[in-house]
Amino acid sequence: MDMKFKTTKEYKKIKKNFIKDIFLLSFLIFLNLIADFFFFKFFYLFFNIELKW
7 MDMKFKTTKE
17 YKKIKKNFIK
27 DIFLLSFLIF
37 LNLIADFFFF
47 KFFYLFFNIE
57 LKW
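Start counting at 1 in the sequence shown, then tack on 6, and there's your number in the numbering used here.
Derived from the structure by calculation, the hints contain no laboratory data.
Keep in mind that the hints are not guaranteed to be accurate.
[As the list claims (entries may be wrong)] Keeping only pairs whose Cα atoms sit at most 25 Å apart, straight-line, the calculated SDA-like set for lysine to any residue is: (1) 18 with 31; (2) 22 with 33; (3) 22 with 41; (4) 21 with 34; (5) 26 with 40; (6) 47 with 33; (7) 47 with 34; (8) 26 with 36; (9) 18 with 29; (10) 26 with 16; (11) 18 with 30; (12) 26 with 47; (13) 19 with 34; (14) 18 with 28; (15) 15 with 34; (16) 47 with 28; (17) 19 with 32; (18) 15 with 35; (19) 19 with 30; (20) 15 with 26; (21) 21 with 31; (22) 22 with 32; (23) 47 with 37; (24) 21 with 32; (25) 47 with 35; (26) 18 with 32; (27) 26 with 41; (28) 26 with 45; (29) 19 with 29; (30) 15 with 30.
[Said to hold, decoys possible] Each pair of labels, with its calculated beta carbon distance range: (31) 47 with 23: 35 to 41 Å; (32) 13 with 46: 34 to 40 Å; (33) 48 with 18: 41 to 47 Å; (34) 52 with 32: 36 to 42 Å; (35) 20 with 52: 31 to 37 Å.
Here a beta-carbon is modelled for each residue, glycine too, at the ideal position from N, C-alpha and C.
Let's have the full structure, built from the sequences with the hints guiding it.
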């Protein structure tokens with residue numbers, strides 16, 4: 007029977023990296039949402055001004 011994780015140290019390291027990756031991914035998604043919100047808000051205002059003229 008082959009062990010997936012030889013030591014608990016290795017397992018903890020992998021777990022730590024996994025948590026770090028998830029945190030980075032969620033942070034990037036959050037930033038993307040904020041950026042999209044401002045971008046669409048700007049576009050909406052721009053098109054409103056264009057339509058008024």
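Restraint status (C-alpha distance of residue 18 to residue 29 at most 25 Å): holds, 16 Å
Holds or violated: residue 26 to residue 47, with C-alpha atoms at most 25 Å apart: Given that 25 Å is the threshold and the Cα spacing comes to 32 Å, the pair is violated.
Pairwise hint evaluation, residue 16 against residue 26, where the allowed Cα distance is 25 Å at most: holds, 15 Å
CB-CB spacing for residue 46 and residue 13 relative to the 34 to 40 Å hint: This hint is violated: roughly 49 Å between Cβ atoms.
Distance restraint between residue 21 and residue 32, which requires alpha-carbon spacing of 25 Å or less: holds, 17 Å
Pair hint residue 26 and residue 45, alpha-carbon separation not exceeding 25 Å: Given pair residue 26, residue 45 is violated - Cα atoms ~28 Å apart, limit 25 Å.
Status of the given 35 to 41 Å range, CB of residue 23 versus CB of residue 47: Distance hint for residue 47, residue 23 holds at roughly 36 Å.
Given pair status - residue 28, residue 18, alpha carbons within 25 Å: Distance of about 15 Å is within 25 Å: holds.
Cβ distance range 31 to 37 Å for residue 20 and residue 52, holds or violated: violated, 47 Å
Hint consistency between residue 15 and residue 30 [alpha-carbon to alpha-carbon, up to 25 Å]: holds, 23 Å
Agreement of residue 26 and residue 36 with the hint, judged by alpha carbon distance not exceeding 25 Å: Status holds; Cα separation ~15 Å.
Restraint check for residue 21 with residue 34, where alpha carbons must lie at most 25 Å apart: holds, 20 Å
Hint check: violations occur at hints 3, 12, 15, 16, 18, 28, 32, 34 and 35; the rest are consistent with the structure.
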